[in-house]
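K.L.:
Given chain A's structure and the hints, the job is docking chain B onto it.
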Amino acid sequence: MEIKAIGCEPLQLKRVHLENSHTLKVYQDNGGYASLRKAMNMSPDAIINEVKTSALRGRGGAGFPTGMKWSFVPKDSPKQKYIVCNADESEPGTFKDRYLLELDPHALIEGMLIAAFALGSQNCYTYYRGEYNYLIDIMEEAIEEARKANLVGKNILGSDFSCEVYTHTGAGAYICGEETALLSSLEGFRGHPRMKPPFPAVEGLYASPTVVNNVETLTAVPQIIEMGGEAWRNLGTEKSGGTKLWSVSGHVKKPGVYELPMGYDDMEKFILEDCGGMWRADKKLKGVIPGGSSVYIMRADDVIGKKVLMDYEGLVAAGSLVGSGGFIVIDETVDIVDSTKNLTEFYKHESCGWCTPCREGTDWLVKIFNRIATGGGRPEDAQLILDLVDNIEGKSFCALGDAAAWAIQGAVKRFPEDFKPYLSGQKTTSVEPEAQKF
Amino acid sequence: MASAVPSEYTNQVVVTDEVATFSPEVLAEIDAHLAKYPPERKRSALIPLLLLIIQRERGYVDNAGVNFLAQKLDIQVSDVWETATFYSMINMHAVGKYHIQVCKTLSCRIMGEEKITEHICNRLGIHAGETTPDGKFTVSRVECLGSCGTAPMMQIGFDYHEDLTPEKVDRILDSLK
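Protein chains in written order, with our numbering: chain A, 97 to 534; chain B, 844 to 1020.
Pulled out of the complex, with its shape left as it was, chain A reads as follows (with noise of 0.2 Å):
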């Protein structure tokens, strides 16, 4: 698997390739703490605003600009407020997190130090999935040894800012990278998203202001104060500032977590060239889903020469997402219908039940999935799916409900050839049992 910077010199993945990078000696030797340092001579509002002018977005998926959300925390609250990391990184084909907690996980504590400095916030939690249980140990290490050299802790560097960091574990639920679920789930609770208003930085964990953000947002948080909210900005493009991590998985030679420029110029370059070309060399890209399952797929012939931009403007004018940067290659040996019913089990499985259109609608998706592919199909199928889908966007509580639909509209939209001989009973796949629970 590559980790590699394309295009740009490697901010996130600057220190990963050296021995022992995720110890205090490797990440201090190569600059680290230092942003902190830094920002605990600015005033709060001032790092906010290099944020804001960094034009760093939630790199989660939604994509949210960042400043504006740590700036929606009132100052004035008496309560205690919180940093809350995201790391619970669920979302299919999405994987760089996992590298950055494994190789670098003092990045990720200078990030959250930061932001509790700007916010005045004393107390940090980072809700790990329960299937990275091996990156908790790393990450307490690593707050060890920022503790014993006064980093974490009380009165960090001789200051009057004191900020403990913790880890919190899920059980696995794709439902808790909700940000109000996993604040529901960090109380304790089933991973029930809460109604917004009152949003997190209002009213979040234990109903205090909370500032939830993705591993690697925070983890650009450092390199922003270190050179910059400008300078960092232009490192990709107006409106989507900086670079950003690609997880590329499915039928490429080189699969792996790359880091680009916000902006980079053609993703069929990207495939093609950077991730080392199709995995087998006869077989043609048949499709791609560039940012994570919840995203439209695309169509081969929407990528090649096309010159499709990889930034948050350039995916959505392409008619997809960049979401979580999660990047499915798919060749022409894959069947559509089967692909798109692996996902629907997906999000049935993850559908949290609170809402009915969500639960529901997920549920008739896979039964209308498992009738189609066992001969079962009928010519109006296609527009019965649009139909029920149509019923889950937008009418569901969160947004795993829009994520299940745009993943099946897209598919039936744009890959009719697929879906046509399943919808006269002509061509069956295999149905399996779905994911257990024990």
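By construction, these hints were calculated from the structure, which means they are not laboratory data.
Hints are supplied without guarantee of correctness; some may be wrong.
[Said to hold, decoys possible] Quick look at which bits of chain B chain A covers, simulated, 3 or more residues with Cβ under 8 Å:
{"hint": "1", "region": "889-897"}
{"hint": "2", "region": "926-936"}
{"hint": "3", "region": "941-954"}
{"hint": "4", "region": "978-985"}
{"hint": "5", "region": "989-995"}
{"hint": "6", "region": "998-1004"}
[Said to hold, decoys possible] Subject to a maximum C-alpha distance of 27 Å in a straight line, what follows is the list of computed DSS-like cross-link-like pairs (lysine-lysine):
{"hint": "7", "chain 1": "A", "residue 1": "K244", "chain 2": "A", "residue 2": "K134"}
{"hint": "8", "chain 1": "B", "residue 1": "K879", "chain 2": "A", "residue 2": "K171"}
{"hint": "9", "chain 1": "B", "residue 1": "K958", "chain 2": "A", "residue 2": "K380"}
{"hint": "10", "chain 1": "A", "residue 1": "K100", "chain 2": "A", "residue 2": "K403"}
{"hint": "11", "chain 1": "B", "residue 1": "K879", "chain 2": "A", "residue 2": "K175"}
{"hint": "12", "chain 1": "A", "residue 1": "K250", "chain 2": "B", "residue 2": "K879"}
{"hint": "13", "chain 1": "A", "residue 1": "K350", "chain 2": "B", "residue 2": "K1011"}
{"hint": "14", "chain 1": "A", "residue 1": "K250", "chain 2": "B", "residue 2": "K885"}
{"hint": "15", "chain 1": "B", "residue 1": "K885", "chain 2": "A", "residue 2": "K292"}
Don't be surprised by glycine CBs; every beta carbon is placed ideally from N, CA and C.
P.N.:
For chain B alone, coordinates are given in the frame of chain A:
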């Protein structure tokens, strides 16, 4: 097959008033978890304690473990069950000594997850979702584990095994005593 599997591997929750007890070392570990949260927000420790303590010490989340947590965290027994039943990594009944979880989601699927699952099941003589009669292995197919660049993959217990081939799976299973 089912009749050879002890009843603790089935889906029955045995209701008892028994409260689990733990060694002083484990109790200290539990207190370390509780120390992360404000004293009036002890419930925050519920999921870590279910996953990392109860499941490790008792094999699965049983009624006695739940009763213990309800007392420890000052919440109702039903509160504990409510949370426990939501999360896919929290087991309501026993799983084998080695819980093999094969990722079944898209990237693994298109990189050959089916062959890996089939190979494991054939070798162990069970279907996905079942436990071997000796209680050594449970096989399940799970949703995305965040290892898509090294697909196909599986997790055994908490350990990731990536870039799988049938031969590699054999070597891994051979190494498990």
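K.L.:
Does each hint fit the structure? Answer for all of them.
P.N.:
Going through the hints against the structure:
Only residues whose C-beta sits within less than 8 Å of a C-beta in chain A count toward coverage, and the region 889-897 of chain B has 6 of them, enough to reach three; the restraint holds. Given a C-beta distance limit of less than 8 Å, the hint that chain A covers the region 926-936 of chain B holds, as 9 residues qualify and 3 suffice. Counting residues of the region 941-954 of chain B whose CB lies closer than 8 Å to any CB of chain A gives 7, so the stated coverage by that chain holds, three being the minimum. With a cut-off of 8 Å between beta carbons, the region 978-985 of chain B has 4 residues touching chain A; three or more are needed, and the interface restraint holds.
By the rule of at least three residues with a Cβ nearer than 8 Å to a Cβ of chain A, the coverage given for the region 989-995 of chain B holds, with 6 such residues. Counting residues of the region 998-1004 of chain B whose CB lies closer than 8 Å to any CB of chain A gives 4, which reaches the minimum of 3, so the coverage claim holds. With a C-alpha separation of about 20 Å, the suggested pairing of A:K244 with A:K134 holds against the 27 Å cut-off. As the CA atoms of B:K879 and A:K171 are separated by approximately 25 Å, the hinted pair is consistent with the 27 Å bound.
Between B:K958 and A:K380 the CA atoms are separated by roughly 23 Å; this keeps the pair inside 27 Å, and the hint holds. A distance of roughly 22 Å separates the Cα atoms of A:K100 and A:K403; the hinted pair therefore holds under the 27 Å criterion. Between B:K879 and A:K175, the direct Cα distance comes to roughly 18 Å. Compliance with the 27 Å bound is thereby established for this hinted pair. For a cut-off of 27 Å, the pair hint linking A:K250 to B:K879 stands: about 15 Å separates their Cα positions.
For the suggested pair A:K350 and B:K1011, the alpha carbons sit about 20 Å apart, so the restraint of at most 27 Å is met. Straight-line distance between C-alpha atoms of A:K250 and B:K885 comes to about 23 Å, which keeps the hinted pair within the 27 Å bound. This hinted pair checks out: B:K885 and A:K292 have alpha carbons roughly 25 Å apart, not beyond 27 Å.
The structure shown violates none of the earlier numbered hints.
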